[in-house]
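There are 2 protein chains.
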Amino acid sequence: MYKSSLYKNLLVIGGNVAGLAAASQARRVSSDLNITVLESGKFISYGTCALPYYISGIVKNIDDIFAYPVSFFEEKRKIKILTNHKVVGIDLFKKEILVNVNSSSENKFFGYDRLVICCGAIPMQHNIPGINAKNVFHLRNVEDVLNLKKYISLSDPSKAVVMGGGSIGLLAAEALNKLGIKVAVVEKADKIFRDFENEISTILHKKVKLDGIEIHIGCSVASINQDRTGKAISVSLSTKDENMTMDTDLVIVSTGIIANTEFLSDTSIELGINKAIKVTPKLQSSQLNVYAAGDCATVKNIITGKDDYIPTANNAAKMGRIAGENAAGGDLVFPGSVGTKTDKVSGLETAKVGLNLKDASEFGYNAFKISGSYYSHASAIPGAETITITIIVDASSRKLLGAQMIGKEGVGKRIDIFASAITGEMKIDDIYMLDLSYAPPVSTVWDPVNKICGKATLELKKRKF
Amino acid sequence: MYKSSLYKNLLVIGGNVAGLAAASQARRVSSDLNITVLESGKFISYGTCALPYYISGIVKNIDDIFAYPVSFFEEKRKIKILTNHKVVGIDLFKKEILVNVNSSSENKFFGYDRLVICCGAIPMQHNIPGINAKNVFHLRNVEDVLNLKKYISLSDPSKAVVMGGGSIGLLAAEALNKLGIKVAVVEKADKIFRDFENEISTILHKKVKLDGIEIHIGCSVASINQDRTGKAISVSLSTKDENMTMDTDLVIVSTGIIANTEFLSDTSIELGINKAIKVTPKLQSSQLNVYAAGDCATVKNIITGKDDYIPTANNAAKMGRIAGENAAGGDLVFPGSVGTKTDKVSGLETAKVGLNLKDASEFGYNAFKISGSYYSHASAIPGAETITITIIVDASSRKLLGAQMIGKEGVGKRIDIFASAITGEMKIDDIYMLDLSYAPPVSTVWDPVNKICGKATLELKKRKF
Numbered sequence: 001m002y003k004s005s006l007y008k009n010l011l012v013i014g015g016n017v018a019g020l021a022a023a024s025q026a027r028r029v030s031s032d033l034n035i036t037v038l039e040s041g042k043f044i045s046y047g048t049c050a051l052p053y054y055i056s057g058i059v060k061n062i063d064d065i066f067a068y069p070v071s072f073f074e075e076k077r078k079i080k081i082l083t084n085h086k087v088v089g090i091d092l093f094k095k096e097i098l099v100n101v102n103s104s105s106e107n108k109f110f111g112y113d114r115l116v117i118c119c120g121a122i123p124m125q126h127n128i129p130g131i132n133a134k135n136v137f138h139l140r141n142v143e144d145v146l147n148l149k150k151y152i153s154l155s156d157p158s159k160a161v162v163m164g165g166g167s168i169g170l171l172a173a174e175a176l177n178k179l180g181i182k183v184a185v186v187e188k189a190d191k192i193f194r195d196f197e198n199e200i201s202t203i204l205h206k207k208v209k210l211d212g213i214e215i216h217i218g219c220s221v222a223s224i225n226q227d228r229t230g231k232a233i234s235v236s237l238s239t240k241d242e243n244m245t246m247d248t249d250l251v252i253v254s255t256g257i258i259a260n261t262e263f264l265s266d267t268s269i270e271l272g273i274n275k276a277i278k279v280t281p282k283l284q285s286s287q288l289n290v291y292a293a294g295d296c297a298t299v300k301n302i303i304t305g306k307d308d309y310i311p312t313a314n315n316a317a318k319m320g321r322i323a324g325e326n327a328a329g330g331d332l333v334f335p336g337s338v339g340t341k342t343d344k345v346s347g348l349e350t351a352k353v354g355l356n357l358k359d360a361s362e363f364g365y366n367a368f369k370i371s372g373s374y375y376s377h378a379s380a381i382p383g384a385e386t387i388t389i390t391i392i393v394d395a396s397s398r399k400l401l402g403a404q405m406i407g408k409e410g411v412g413k414r415i416d417i418f419a420s421a422i423t424g425e426m427k428i429d430d431i432y433m434l435d436l437s438y439a440p441p442v443s444t445v446w447d448p449v450n451k452i453c454g455k456a457t458l459e460l461k462k463r464k465f
Numbered sequence: 001m002y003k004s005s006l007y008k009n010l011l012v013i014g015g016n017v018a019g020l021a022a023a024s025q026a027r028r029v030s031s032d033l034n035i036t037v038l039e040s041g042k043f044i045s046y047g048t049c050a051l052p053y054y055i056s057g058i059v060k061n062i063d064d065i066f067a068y069p070v071s072f073f074e075e076k077r078k079i080k081i082l083t084n085h086k087v088v089g090i091d092l093f094k095k096e097i098l099v100n101v102n103s104s105s106e107n108k109f110f111g112y113d114r115l116v117i118c119c120g121a122i123p124m125q126h127n128i129p130g131i132n133a134k135n136v137f138h139l140r141n142v143e144d145v146l147n148l149k150k151y152i153s154l155s156d157p158s159k160a161v162v163m164g165g166g167s168i169g170l171l172a173a174e175a176l177n178k179l180g181i182k183v184a185v186v187e188k189a190d191k192i193f194r195d196f197e198n199e200i201s202t203i204l205h206k207k208v209k210l211d212g213i214e215i216h217i218g219c220s221v222a223s224i225n226q227d228r229t230g231k232a233i234s235v236s237l238s239t240k241d242e243n244m245t246m247d248t249d250l251v252i253v254s255t256g257i258i259a260n261t262e263f264l265s266d267t268s269i270e271l272g273i274n275k276a277i278k279v280t281p282k283l284q285s286s287q288l289n290v291y292a293a294g295d296c297a298t299v300k301n302i303i304t305g306k307d308d309y310i311p312t313a314n315n316a317a318k319m320g321r322i323a324g325e326n327a328a329g330g331d332l333v334f335p336g337s338v339g340t341k342t343d344k345v346s347g348l349e350t351a352k353v354g355l356n357l358k359d360a361s362e363f364g365y366n367a368f369k370i371s372g373s374y375y376s377h378a379s380a381i382p383g384a385e386t387i388t389i390t391i392i393v394d395a396s397s398r399k400l401l402g403a404q405m406i407g408k409e410g411v412g413k414r415i416d417i418f419a420s421a422i423t424g425e426m427k428i429d430d431i432y433m434l435d436l437s438y439a440p441p442v443s444t445v446w447d448p449v450n451k452i453c454g455k456a457t458l459e460l461k462k463r464k465f
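First to last, the protein sequences are chains U and F. In terms of the working numbering, the first sequence opens at residue 1 and continues consecutively. In terms of the working numbering, the second sequence opens at residue 1 and continues consecutively.
Derived by calculation from the structure, the hints in this document are not laboratory data. Check the hints yourself; a few may be wrong.
As the list claims (entries may be wrong) - The list that follows gives simulated cross-link-like pairs (lysine-lysine, DSS-like), each with its CA atoms no further than 25 angstroms apart: (1) F/Lys78 / U/Lys451; (2) F/Lys427 / U/Lys300; (3) U/Lys408 / F/Lys427; (4) U/Lys455 / F/Lys282; (5) F/Lys149 / U/Lys282.
As the list claims (entries may be wrong) - Stretches of chain U that chain F covers, calculated by requiring three or more beta carbons in the stretch to come under 8 angstroms of a beta carbon on chain F: (6) 106 to 116; (7) 186 to 200; (8) 376 to 384.
In this text, a Cβ means the ideal position worked out from N, Cα and C, and glycines have one as well.
Please model the entire structure based on the sequences and the hints provided.
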């Protein structure tokens, strides 16, 4: 328990993963702080990552995606929760934030001694004609999916265009496809899952297509064309070679996110990559008494040692907890992130950690990549599936810089072996010899993780790096 | 490629995981060595761990458990394979081994320049009356399971007693149970899976019982009682309190193994724990030119730094490869093992790495354990199962010493995160903050691995260690 004689009021901006982690941790370590969470939306404490599963119906009841109700925080944790409270300004000198309540015309002031900003990220904005048509949807929050679900049940759409071939876009496409809607995914880059190496993304591309989803890569949406009622009815694409128009009944925009920090643009709080709040290892912003965590903050990339933007829920939860403890008087350090992520799309688990080859080369590493395909478990036991792995290695230090994987099973948690190894600064030689578990239904005698690193040692020998 | 002017003939004793890994690696790094593998049994290159799955019928064809046929080694790798060649003696001065071929009355000599001993382990011997009855079976090799399968199909047994409540015993019990045979497991220790903490073994115990398998703990078999034809018909148990006799149609002995090194007992090759050949980090025995790997050799325990006996296939494969390379002129070091293992018994995955609390205390660590139960993935997504984890922590250094897990899914490879963390000498604080993957169908935002280590940090704070 910390003493908080110098600060009585802790304000937290944002009522989702990072914000609630911060408020809860502050309460755990301080019984006498006044803790208030201000959330711009109507809902708190939900898993953004679970939203696509509500669209598809895998999650049947929207209530199931909420981790805890408001009453839990208010009664059990003595944390005041104010929803529909949108922060529009901040006075760092007076230690006050300006809040718009319930979209009213008047704003309210809230004073703080310590502030934790966990306001998340918002969809990247586009200047595309028609982007504001009523049947164009984002997938960032509960309101978004409720709107989409309502539209689907009322309008019974048969065709959809999804802008963006990242994980949210593909999960949305899969969900709509499951509902019987014909989906086309439009991706600007030359591949879906653009952060992944071709060895991995190609496998996903084929499977998504096989499931009946159209994919247009190297394409951008030039305009969304509306009828007289303001409803999007088609999408015009511009590619390198030609222009084409696709009829559609709805559009989903999932082309990436940017830190939700517009309200800080006139303040002295320093912003960094992707407009995220620059934070110290203790998650302090450039302003004393102001902390930040989650999708609105920068993250130290453990591999490069540099500021990065890695807006994962796993980072948000940890950062929130640390920012909350420090704001309440603690002195913890967030070690940073190796960018571990996983997804399950079209029946395939994908996973990634660390740098891809392009990033590694840009950071000056003497990097190479190597790939292999292996069984997920002993082939004698039914259900063994192929896993494809690509790893990125620094030839000079022999350290692992990144790893990517795809397969029907045994991918999401296998990537964590690499995550742990990268965090421990292991060389490929160490990972090749890592003592990994074996039983015929679980793995092969040499785990795929051992195997790909063994292959990399041979590659290094061959290349005489 | 190494030059082998000093050694032309490489003999490998043992034609399973370690031996074939050694021979294959020797060939990879030396094209001109004469490489001969001597195997005492009829079969080579099979997965011992897969044998129980052949009993149950999950593996339908015995051929499926063989990794490679003899012809593969002979033709592709130019390795001579001699089966039914049982090594009975060794002359270290003359560099010769004495081999009994096809159980004939005469023995043959084989000279070597370098020798790799990978003769594995054999079942622990017992002086129990009746142990040699014709329907008493072991489960160490292909002959064993073929005999058992033959007996089952000819005699249609309805009851079985399994001696030993370790993984092989329970896998055998499960397999027999699946075939409709009523099974009783007899375990000397006060629990099944005796290396595991009670938090884990109790869960397994309950599930195995629920599946209809009887378990008698704290019990030993006093005698196996035979009819006049030499067939076991009942088993007499002695417990602390009482004696009881159970009728049975067959007995399986799976009470542990011991290194198969009887033929070395009169030599100057030094034996260590469990009669295993003591090896250096380069896997040399106490004799120049003699290497050892796999279940017949000691293993460096990475945590304690001491010699240990950890007869897993994962160790055997790695040790074999390194011993083979070194015997052919290489200079590699085997880093050792953290004792990672997993099993799937009665629909539950179990896994263990590192020390249990008893071992940790005996090694002088200021150790404590802590347990928790968590969802394997987000509970909103169907199929989330409870995982129970116990970890062993050194309170003085805050380092993780061991971890154990049980659950229906997501256990076998999650243990490898701990294996990697222990190898990297991570503190519980580091693992608490480890960047582990999250997606609703794969994990929870804080992975169970993070959670249990977070809980351990709180415990340390509370105890003021």
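Restraint status (C-alpha distance of lysine 455 of chain U to lysine 282 of chain F at most 25 angstroms) = holds, 21 angstroms
Straight-line alpha-carbon gap lysine 149 of chain F to lysine 282 of chain U, limit 25 angstroms = violated, 63 angstroms
The stretch 376 to 384 of chain U covered by chain F? Criterion: 3 or more residues, Cβ-Cβ distance below 8 angstroms.
-> holds (count 5)
25 angstroms Cα cutoff - pair lysine 427 of chain F, lysine 300 of chain U | With Cα atoms ~20 angstroms apart, lysine 427 of chain F and lysine 300 of chain U stay inside 25 angstroms; holds.
Do three or more residues of the stretch 186 to 200 of chain U come closer than 8 angstroms to chain F, measuring C-beta to C-beta?
-> violated (count 0)
Mind checking, does the stretch 106 to 116 of chain U have 3 or more residues with a CB under 8 angstroms from chain F?
-> Check failed, 0 qualifying residues.
Lysine 408 of chain U paired with lysine 427 of chain F [C-alpha distance capped at 25 angstroms] | Cα-Cα ~33 angstroms, so violated.
Are the Cα atoms of lysine 78 of chain F and lysine 451 of chain U separated by 25 angstroms or less?
-> holds, 23 angstroms
Comparing the model with each numbered hint stated earlier shows that hints 3, 5, 6, 7 do not hold.
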